[in-house]
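Those protein sequences? They're chains A and B, same order as listed.
Remember, our numbering sits 56 above the position in the first sequence when you count from 1.
Remember, our numbering sits 1 above the position in the second sequence when you count from 1.
It is worth saying that the hints were derived from the structure and are not from the lab.
Nothing here was measured: the structure is a model prediction, and the numbers come from that model.
Here a beta-carbon is modelled for each residue, glycine too, at the ideal position from N, C-alpha and C.
Treat the hints with care, since some could be wrong.
Far from chain B, by Cβ distances over 10 Å, these chain A residues were calculated [said to hold, decoys possible]:
hint : residue
1    : SER64
2    : ILE116
3    : HIS145
4    : LEU150
5    : GLY156
Covered stretches of chain B, going by a simulated chain A footprint (3 or more residues, C-beta under 8 Å) [unchecked claim]:
hint : stretch
6    : 39-49
7    : 53-64
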Amino acid sequence: MARRSAESLPWSLFGAGGFVVAFLFPVHIFLFGLAIPLGLVSAPSHAAIFALLHNPLTRIYLFGFCALGLLHAAHRLRFTVSDMLRLKHLDTLLGVLAYGAALVGIAVTIVLLIAIP
Amino acid sequence: MPSAVPQLKYYQRRMPINWWLGRWNYTWFILRELSSAFVAYWVVVTLMEIAAIAGGAESYARCQAWMAMPGVMVLNLIALIFVLFHTLSWFRLVPQAMLPRLGGKRTSTVMTSAPMYVIWALASVVVACFILGVF
Chain A
57 MARRSAESLP WSLFGAGGFV VAFLFPVHIF LFGLAIPLGL VSAPSHAAIF
107 ALLHNPLTRI YLFGFCALGL LHAAHRLRFT VSDMLRLKHL DTLLGVLAYG
157 AALVGIAVTI VLLIAIP
Chain B
2 MPSAVPQLKY YQRRMPINWW LGRWNYTWFI LRELSSAFVA YWVVVTLMEI
52 AAIAGGAESY ARCQAWMAMP GVMVLNLIAL IFVLFHTLSW FRLVPQAMLP
102 RLGGKRTSTV MTSAPMYVIW ALASVVVACF ILGVF
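Extracted from the complex, chain A is given alone in its bound form (with noise of 0.2 Å):
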């Protein structure tokens, strides 16, 4: 029987990541970074946004958006950087702090959601 490659975890969470930023990332950046900032649609007032945010299911969502992201571009840049550069010798490095960046900012998502009053 085939032995499962090492590489299946960071694949598959990449390939997770794939599909949360194909479909959830242009609406996001659309909105937040050029509509409401344009004046094309009126901004969601604190109120709103902040009772939105205080929803458990939100904060699920934003969990799953964030890390999932991370992962999926900290798994692209690492080969990106290492084929692009001709870097293949420091392979093991990219991929630590690739990783390492990935997962500091999952522990940083983590506190922030949690830590929303």
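Mind docking chain B on chain A? Use the hints.
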């Protein structure tokens, strides 16, 4: 008969550092992969927004003023273009790779991608309604 095993030397081609600029295929590939840098950027922005909203009405207003700076908006536009590039390439390639055959026949890219666009549209509308307070 010689006893020494000859040392094999593999030929390794030296790749120039700008190898990915030579052909459009390679450049597209690298550009698509670079979209992930903007994904990371957007997660940072999202975390900042969460902190700002949690911090109260004043910090939320400061965050909105920051987001309305022209330089930030240009960066956001570039991020949106890169992420859309990711979305389109993901819908074209991934479902095709997950379901290469159906009923013994090769599935067409249209068959596997079309449902992705429908789900994308629905998800975007639902998320936008939540953010803008329609629900």
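Exercise. Starting from the hint list further up, note which numbers the structure goes against and sort them upward.
Key: none
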